[in-house]
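Undergrad: If you read the protein sequences in the order shown, they are chains D and X. Heads up: the first sequence begins at 442 in our numbering, then just goes up one per residue. Heads up: the second sequence begins at -7 in our numbering, then just goes up one per residue.
Since the hints were derived computationally from the structure, they do not count as laboratory data. Using N, Cα and C, we set each Cβ at its ideal position, and we do this for glycine too. Incorrect hints may appear among the rest.
[Unchecked claim] Simulated pairs of lysine-lysine, BS3-like, Cα-Cα distance not exceeding 27 Å:
1. K590(D) <-> K55(X)
2. K55(X) <-> K460(D)
3. K549(D) <-> K55(X)
4. K80(X) <-> K590(D)
5. K497(D) <-> K549(D)
[Claimed, not checked] Stretches of chain D that chain X covers, calculated by requiring three or more beta carbons in the stretch to come under 8 Å of a beta carbon on chain X:
6. 547 to 553
7. 611 to 625
8. 649 to 660
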Amino acid sequence: MTSVTTTIPVNRDVKAELKRQAEEMRRDFARRGTLVINVLSSPGAGKTSLLEATAKHWTGQRRMAVLVGDLATDRDAQRLAPHCPVEQLTTGGACHLEIPLVQRGLEKLGGEFEFLFIENIGNLVCPASHDLAEHLRVVLLSVTEGDDKPGKYPKMFRTSDAVVISKSDLLPHVPFSVDAAIADARLIQPDLQTFTLCSLTGDGIAEWCRFLNETRDRMIVESAADSSACVLNGAVPQ
Amino acid sequence: MHEASLVRALLTQVGNLLVEHNGEAVEVVRVEMGPLSGVESALVEIAFQQQVGSTPCRGATLKIEEVPLAAVCRDCGDEFNIEHFRFKCIACGSNRVRITHGDEFRLLDVEIRTESPATTQPDFQETQT
């Protein structure tokens, strides 16, 4: 027998299967009325504080839960536990969250929620490449980080739907221009929604929560239209 | 560095192809990446060298094709390359652009050595975007 070399064409994203899985989960979440928000930023930009402020704002009004990722410790989960159901995802060293880890957290979390926040690992690089079945990707930029950051992390800002400029109470003390930061981010992603807020004082939190409510309402309408379109076409809703 | 986990996924897929096509060995793995793929070619190369020896793909060569970030304008239809991550149409100035290339880490094709000609499975040739 002779050896033959054959070229097998593939031409497919290495993450194609994970993307398909994420898409399926996203549709399922939408059908159940759960808006999933992937929250990203560098370490210490205020992701956990934003979620604490959000949970406090919604006390007794909205059902929200958090999956929080960290390399080590359950400190963030402990902070959030008094306010809402939370499950800590400990990656043990991995720089980002992936779908299987999220699925494990969901199993432990149980229950039905109107809002599910996934607080990603503090990192503006790797998490940008991983779809966690979210409907909304939000990147936080704290004023102490500098207004030149969006252009330095194009993938993160390009793949985000909203940018939250956090720690606005420190604006008088740091050379940070909100307008410059937003302009830089919009060169990369023109459709970015923007919020400037302070989680500690509560400034801007009401507007942020209103945006989340409106986004969820829109998702429910779109999901219902999507399902009826599938029925009309004779297809089984995915 | 998340290149390690992406290369692991890549090698699993290539290993599956080797089995599906009754191959003896993988000779070449060709991948494509661009400025928004979220991976660094040097790190992918290192991760590949570190991992390939302990997989059925051992001995395979990795060939990386780096492509520019390409886009099409949603307003005027112009196709162009994006420089310096400035997402603006170079023809009409619109910022409503859709990326067509350079934002994924794609497995292009695999060269597999077989003892007899490999059976091609036409239904396997996928071109997903």
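Undergrad: For a quick check of understanding: which of the numbered hints are violated here, in increasing order?
TA: 1, 3, 6, 7 and 8
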